[in-house]
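In order, the protein sequences belong to chains A, B, C and D. Under this note's numbering, the first residue of the first sequence is numbered 34, with each subsequent residue one higher. Under this note's numbering, the first residue of the second sequence is numbered 34, with each subsequent residue one higher. Under this note's numbering, the first residue of the third sequence is numbered 34, with each subsequent residue one higher. Under this note's numbering, the first residue of the fourth sequence is numbered 34, with each subsequent residue one higher.
Mixed in with the good hints there might be a few duds.
[Unchecked claim] Pairwise CB distance ranges, derived in the manner of DEER restraints: (1) C:A59 <-> D:G314: 51 to 61 Å; (2) D:T366 <-> C:S74: 27 to 37 Å; (3) D:A109 <-> C:A215: 33 to 43 Å; (4) D:E310 <-> C:L367: 26 to 36 Å; (5) B:Q174 <-> A:R296: 57 to 67 Å; (6) C:L367 <-> B:Q140: 47 to 57 Å; (7) A:D216 <-> C:A139: 15 to 25 Å; (8) A:E232 <-> D:G235: 41 to 51 Å; (9) C:P413 <-> B:W230: 36 to 46 Å.
Just so you know, these hints were derived from the structure itself, not from any lab. Even glycine gets a Cβ: it sits at the ideal position worked out from N, Cα and C.
There are 4 protein chains.
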Amino acid sequence: MNLIGSSSQQERNVPSLVSTREMLSARYRSVRRMSETLGQSLTPDDYGLQAMPDVSPAKWHLAHTSWFFETFLLNAFLPDYHRFHPQYEYLFNSYYQQVGAPFPRAQRALLSRPSTEEIFRYRAQVDAAMTSLFSSVTEVQWPEVAARILLGCHHEQQHQELFLTDIKYNFSVNPLKPAYRADLRLPEPGASTTLRWIEQPGGVQEIGHDGGDFSFDNEGPRHRVLQKSYALASRLITNAEYLEFIEAGGYRQAQHWLADGWRVAAEQAWQAPLYWEKIDGSWQLFTLAGMRPLNPTEPVCHVSFYEADAYARWAGKRLPTEDEWETLARGETLRGNLRDSGYLHPIPAQAQTNPTQFFGDVWEWTRSSYAPYPGYRPNPGALGEYNGKFMVNQLVLRGGSCVTSADHIRASYRNFFYPADRWQFSGIRLADDR
Amino acid sequence: MNLIGSSSQQERNVPSLVSTREMLSARYRSVRRMSETLGQSLTPDDYGLQAMPDVSPAKWHLAHTSWFFETFLLNAFLPDYHRFHPQYEYLFNSYYQQVGAPFPRAQRALLSRPSTEEIFRYRAQVDAAMTSLFSSVTEVQWPEVAARILLGCHHEQQHQELFLTDIKYNFSVNPLKPAYRADLRLPEPGASTTLRWIEQPGGVQEIGHDGGDFSFDNEGPRHRVLQKSYALASRLITNAEYLEFIEAGGYRQAQHWLADGWRVAAEQAWQAPLYWEKIDGSWQLFTLAGMRPLNPTEPVCHVSFYEADAYARWAGKRLPTEDEWETLARGETLRGNLRDSGYLHPIPAQAQTNPTQFFGDVWEWTRSSYAPYPGYRPNPGALGEYNGKFMVNQLVLRGGSCVTSADHIRASYRNFFYPADRWQFSGIRLADDR
Amino acid sequence: MNLIGSSSQQERNVPSLVSTREMLSARYRSVRRMSETLGQSLTPDDYGLQAMPDVSPAKWHLAHTSWFFETFLLNAFLPDYHRFHPQYEYLFNSYYQQVGAPFPRAQRALLSRPSTEEIFRYRAQVDAAMTSLFSSVTEVQWPEVAARILLGCHHEQQHQELFLTDIKYNFSVNPLKPAYRADLRLPEPGASTTLRWIEQPGGVQEIGHDGGDFSFDNEGPRHRVLQKSYALASRLITNAEYLEFIEAGGYRQAQHWLADGWRVAAEQAWQAPLYWEKIDGSWQLFTLAGMRPLNPTEPVCHVSFYEADAYARWAGKRLPTEDEWETLARGETLRGNLRDSGYLHPIPAQAQTNPTQFFGDVWEWTRSSYAPYPGYRPNPGALGEYNGKFMVNQLVLRGGSCVTSADHIRASYRNFFYPADRWQFSGIRLADDR
Amino acid sequence: MNLIGSSSQQERNVPSLVSTREMLSARYRSVRRMSETLGQSLTPDDYGLQAMPDVSPAKWHLAHTSWFFETFLLNAFLPDYHRFHPQYEYLFNSYYQQVGAPFPRAQRALLSRPSTEEIFRYRAQVDAAMTSLFSSVTEVQWPEVAARILLGCHHEQQHQELFLTDIKYNFSVNPLKPAYRADLRLPEPGASTTLRWIEQPGGVQEIGHDGGDFSFDNEGPRHRVLQKSYALASRLITNAEYLEFIEAGGYRQAQHWLADGWRVAAEQAWQAPLYWEKIDGSWQLFTLAGMRPLNPTEPVCHVSFYEADAYARWAGKRLPTEDEWETLARGETLRGNLRDSGYLHPIPAQAQTNPTQFFGDVWEWTRSSYAPYPGYRPNPGALGEYNGKFMVNQLVLRGGSCVTSADHIRASYRNFFYPADRWQFSGIRLADDR
């Protein structure tokens with residue numbers, strides 16, 4: 034988060050971001066309200082579900098995002114603020130070691146107390162105190178406070194996305210295959226689009242966030258990279274294209290796979306993307322609306338990096354690097370099938386409205402390891418743990434997905450997951466050398 | 034369950050058990066109501082908790098006990114009965130392979146659906162249908178139906194006990210240490226009782242259930258055993274006595290321990306019974322009322338067989354066999370600190386009212402492996418899986434505990450757990466050779 | 034080992050066992066030589082193999098048996114004896130915690146040093162020192178020394194049996210399927226024997242060792258048991274009979290299995306006894322002579338207790354208790370297909386020479402948990418760990434096998450293994466109620 | 034291996050590499066002889082050791098390197114060649130899936146057969162057949178054959194390095210702490226060298242192998258990179274410097290660590306580099322010569338990437354990228370403490386002879402993920418699995434170590450290991466931004 038850096042950075046950025054406290058306050062309230070809206074279709078029993086260590090219970094997301102404001106804003110800047118509960122600092126810390134050893138991630142489902150009802154009370158107290166903070170903070174403190182609030186809002190939007198991603202996984206293991214929202218609609222099927230190649234000549238490019246607006250700290254420093262000529266596919270790989278790989282024996286042929294991927298695929302008996310199920314000879318997909326027949330023109334989703342990479346090799350291509358992706362994506366309009374479209378599921382490329390699918394639908398695996406950009410230094414203190422300490426063993430994904438907020442994504446945004454992860458809305462765009 | 038056996042058995046037993054349908058119907062309703070009463074102090078979030086594979090969520094206990102009546106009574110004997118939901122047969126089957134492969138035990142917490150509310154509706158439908166069955170079943174079917182209903186009631190009482198045992202464990206892992214019921218009272222401390230020895234000369238004894246009333250099938254056939262002279266302690270081992278073992282280094286001295294126990298104790302870093310915690314130099318115990326200071330005159334509880342056996346060796350004694358225990362217990366009045374006393378926690382031996390503690394307080398580990406009595410044959414069909422298939426690797430415990438119903442325990446009752454299990458209310462009575 | 038007990042026992046037993054030092058010395062030398070003979074067909078590489086934690090490398094058996102004499106005889110009774118190496122006390126201790134924490138069992142294969150050659154030098158030093166001990170020990174010490182030497186000889190014979198059992202397992206995992214000795218012959222196939230039932234009326238029997246000769250401490254005290262009428266099969270179950278169980282779907286039908294067994298069988302994907310392999314449609318068995326076609330009239334071998342028990346249920350029978358077995362076996366002549374016959378593989382029942390197969394061929398699973406006999410107390414000191422601390426979680430097996438020394442077995446001998454163990458030469462004799 | 038590529042590459046490279054068959058034949062014989070020489074100080078028992086899945090038995094290295102020549106040369110190019118044994122193709126395949134599923138890596142220690150003696154016979158047959166191949170191969174085939182032989186020689190040198198690395202680990206777990214060679218000498222301690230910074234201005238650099246001599250395929254294509262200004266430390270970090278980190282609490286302070294590293298360090302209870310042991314208050318190191326006191330001026334060795342990275346952060350610096358390293362290293366003379374120096378252990382920087390330590394001593398962790406260079410395509414067929422399929426989850430190390438052959442290393446050489454690996458001779462060079 035480049036707002037929390039040297040004071041010169043703060044001076045430069047903040048005014049352009051939030052001209053008044055009112056604007057930020059409105060944003061805060063809107064984001065906070067959305068988190069609670071997302072749970073409206075859940076039963077009380079659903080809030081505590083955690084079907085694997087990688088996911089978190091819905092109630093935990095609601096509590097942890099409040100913990101963030103309590104820890105980094107209220108405790109630090111609101112005089113006489115009293116924590117809602119003395120042990121929440123421990124219980125709802127995700128991974129900030131400098132705040133103290135966090136409660137073990139894999140055991141979050143064991144916290145039936147505090148109850149969900151109690152957590153809503155916690156949220157209400159935090160919101161009330163934040164209102165006080167907005168009105169009481171001094172001008173001297175405001176730049177730092179504003180930067181942290183903006184970070185807290187984006188942080189909460191990340192957890193809104195995880196809320197949806199996690200509830201999908203949590204429901205998927207239930208033999209009843211419950212729908213998060215049975216009322217979700219899909220768009221009219223449009224004309225299918227042909228895969229073309231977007232050509233890019235070699236040369237020096239600048240990538241990374243330019244500092245003019247909010248970004249996470251891992252998006253900078255902006256820097257130059259030297260590229261060879263390449264091309265990117267004009268749209269995402271579809272279910273139909275991925276089915277060809279399956280039917281050609283792709284999951285049984287070692288030569289397409291990275292060695293680690295081949296091992297994981299064998300151990301976990303992968304035969305298709307996560308959430309695909311063959312029922313009476315037909316493929317069905319588990320979605321946030323329950324089980325649905327596979328739509329061949331939708332982008333393939335819920336593949337690991339290993340599967341994306343194997344598909345690309347099988348197809349005689351490769352995955353893009355993150356700088357190749359960013360170079361072409363930053364010229365695109367920032368629109369697409371994001372959470373705001375309300376589908377909560379990837380949709381076919383729309384020749385008219387969204388032919389290239391750079392934003393939304395699925396996070397696109399790149400072949401780039403998640404690593405610091407040249408000159409990157411994490412911020413001091415616990416907030417320095419936000420991004421930097423994860424810069425090993427993960428791969429960068431770009432572009433946001435159908436469960437990402439439209440005002441949360443941008444061309445320089447770097448998401449990151451382990452190569453075996455599949456519960457994310459993650460898919461494939463091909464690249465090729467020229 | 035000896036009621037489900039040859040017809041001669043049925044003819045003999047049933048009339049003496051349930052002179053009218055009304056009596057059994059009243060019992061049914063009373064037992065069913067109790068299961069729901071036990072959850073009154075829980076939040077909605079608590080019903081789904083499962084902190085280890087050995088325990089089950091509270092809502093699962095409520096559903097499974099209803100499944101039992103649906104599967105073995107309503108489906109079998111009530112014409113035109115329709116199951117509440119087609120998949121509940123699978124979801125709430127505990128371990129009856131002949132009914133179909135059950136849903137995996139360790140994943141019961143993943144079933145946020147059906148919601149607890151739905152499970153209460155399930156219970157209501159089963160209860161209504163059972164009322165129909167009581168009034169519609171023919172005289173010809175009645176003996177078999179009555180036997181199964183009685184079994185179902187005892188089955189549900191077993192799960193009531195597990196409900197309390199499991200919620201204690203589930204709460205114990207929460208750093209907030211929630212109380213199941215903070216209002217639980219304890220008796221006035223009475224005079225401490227001295228440990229004496231009850232002497233029993235050698236000879237032939239009959240053990241096992243005599244068939245005059247309800248029993249589980251594993252309590253029979255009644256048979257003769259040849260005993261050498263022995264003595265049993267006149268009361269349970271107390272916390273103070275067990276503390277001596279701890280303070281003498283009992284957990285660090287291999288010579289007291291069975292080899293398997295020594296290994297498990299090292300792997301799990303046992304230093305004291307489960308739920309003991311040393312806080313600021315003083316021992317505290319987690320109870321169903323939350324954390325409480327250790328009471329030295331209470332019976333020690335939540336020890337594994339390995340710990341019970343090591344304690345006995347350290348003390349120069351041994352654990353009883355189950356036939357030794359039964360021989361002396363059957364002469365005792367069936368009273369004690371059972372669930373009905375309302376403490377839900379073991380209490381000191383009461384010189385006046387309960388000096389020997391044979392019944393209630395804690396299940397008493399015996400040195401007897403859980404095995405079939407001579408001539409035992411499991412019943413035909415799925416109900417034959419009730420007890421017989423567990424007759425290996427477990428040890429017999431006797432006497433019931435402070436969370437056992439008073440009308441559910443008897444001298445011939447055989448409970449059984451693995452030697453490393455500690456989440457049960459399990460304790461120690463010493464024996465010695467003579 | 035009842036020789037290491039009260040002095041009255043020693044006075045009674047020793048003279049009848051070893052009339053002169055010469056006899057015991059000869060026995061010692063003979064047993065020690067045999068251990069080394071067993072390795073003559075091995076390559077240097079074979080001596081260090083350990084294909085699972087339950088088995089030990091051949092060289093470890095050679096070292097540990099020497100450690101036994103060094104620790105319990107030479108160190109204790111030979112003045113000025115110096116240990117061969119200061120760390121061998123640790124490295125070659127099997128499980129005697131009172132001697133000090135042993136080197137971890139599962140890591141014995143990691144000890145390439147000391148080399149096998151060095152271990153033979155160790156053996157030579159121990160043998161030389163034992164010769165000194167035989168000639169120097171005083172009359173006062175002799176009874177205790179003699180008792181320990183005899184125990185050490187039987188201990189080494191147990192390890193000779195394990196040497197063969199373990200090398201079979203170690204070789205079995207090698208795709209080359211090496212033969213321990215390709216030259217092993219088998220007997221001429223004789224007439225097949227019909228399975229009859231040996232009837233035994235109920236009543237009181239004495240079981241346990243009578244103290245007239247060597248026994249392990251777990252074989253006593255001799256005591257009376259009360260039996261109901263029963264019958265034992267007149268011979269072991271054959272491969273052909275067990276094949277019927279397999280072909281009838283026995284491994285796929287839960288109703289025959291104990292719950293723990295069903296779980297293990299699923300986890301380990303059991304479809305047949307250990308060492309059975311279906312090659313081109315025909316069953317073959319891995320033996321100490323390499324792969325051989327299945328002989329239908331041989332006793333089935335390398336089944337776990339779970340499989341033996343499931344077979345018995347499927348056959349409508351049960352396994353014997355250990356006292357039933359002993360009652361009938363003690364009337365039999367102690368002969369059979371033991372190691373001395375040289376087959377090192379179970380052979381068909383021989384109508385003329387060995388119709389009942391009580392001794393040799395395979396260890397016979399009983400349904401009796403391994404537990405102390407009434408009045409049993411382990412010996413004081415480290416030798417008390419020999420047997421007593423294993424008396425939980427295991428089942429008793431009786432009768433010795435084709436790799437047991439003829440002078441090492443007797444009717445009261447109690448072997449014990451976990452119910453899932455299959456690498457032993459273990460098989461099935463049926464019992465039935467009468 | 035860029036020799037196995039387009040024919041144009043072959044035409045260009047081969048003549049410059051091996052002007053005559055004699056030269057390559059001499060190299061082959063010399064490399065093969067060295068592999069056998071390395072085992073001269075081992076006992077027969079040592080050849081089969083495998084103390085963790087990452088390491089291989091010494092005998093396996095001897096067999097697998099022969100398998101390489103048999104599979105890729107003799108089978109392919111020598112008419113009428115018969116494999117030494119039909120199952121060796123399977124047994125000694127390391128990871129080439131296109132040759133068939135390999136024998137499981139973690140079970141290599143279970144192959145006591147073939148014996149080491151047999152494997153030496155295998156080597157002899159392969160060597161004899163290779164002599165035939167050298168003399169019989171046609172001119173047309175020669176370029177391809179020569180390229181593969183050269184690859185086979187470098188492959189065998191890699192395994193020679195692993196032979197030493199693995200035997201060190203295998204011996205380290207033995208409480209006897211055996212020396213691979215107790216006679217290893219160390220150099221006279223020279224003057225300690227001060228750590229300076231080698232400055233490098235930003236700009237475009239070419240990295241990767243230039244194709245003029247042998248290289249592995251992962252070293253190319255040569256390509257341009259854009260660098261910012263930076264500096265590299267003038268020598269490796271020493272034990273004394275690393276001890277400061279330990280003593281400052283570096284292993285207990287999360288803020289220095291990558292999140293994955295912190296987790297691994299906790300799980301494995303790291304407190305110091307591998308092979309460090311504090312004995313009576315003094316640090317000792319296990320070496321190929323046995324235990325030795327820690328030398329403060331030696332380079333620190335056997336640290337994981339996580340430790341190297343944490344050290345660098347603690348020191349306020351960072352690790353180099355691989356292109357930064359290569360840019361400065363290619364200007365250095367290729368000399369250093371490599372296997373040929375005979376120390377088999379890192380030594381202090383020598384102001385006169387080896388001040389910068391770019392080559393030899395320890396493999397230097399870079400922060401660069403092991404990934405394909407732009408335009409990289411693996412070779413067709415099974416040899417394409419040599420490097421390419423490992424390009425995920427690993428980090429690049431540079432420079433060779435004290436167990437690397439001098440004629441096997443170069444500035445463009447890319448080694449790669451997982452970030453938690455410590456059994457390699459791996460150490461630390463710092464970098465910094467400018």
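Hint-by-hint comparison with the structure:
Range check, C:A59 to D:G314: about 53 Å between beta-carbon atoms, so the 51 to 61 Å window is met. Remark: the range hint 27 to 37 Å for D:T366 to C:S74 is contradicted by a beta-carbon distance near 56 Å. Under the hint 33 to 43 Å, the C-beta atoms of D:A109 and C:A215, about 35 Å apart, fit the expected range. In this structure the hint that D:E310 and C:L367 lie 26 to 36 Å apart at CB is violated, the actual value being about 54 Å.
The hint said 57 to 67 Å for the Cβ distance between B:Q174 and A:R296, and at roughly 58 Å that hint holds. A hinted range of 47 to 57 Å for the beta carbons of C:L367 and B:Q140 is consistent with their spacing of about 53 Å. One distance hint, 15 to 25 Å for the beta-carbon pair A:D216 and C:A139, is violated here, with the actual separation near 56 Å. Judged by the Cβ atoms, the range 41 to 51 Å given for A:E232 and D:G235 is violated: they are separated by roughly 29 Å.
Between C:P413 and B:W230 the CB atoms are about 24 Å apart, so this pair departs from the stated range of 36 to 46 Å.
Going down the numbered hints, you'll see the structure goes against 2, 4, 7, 8, 9, while the others check out.
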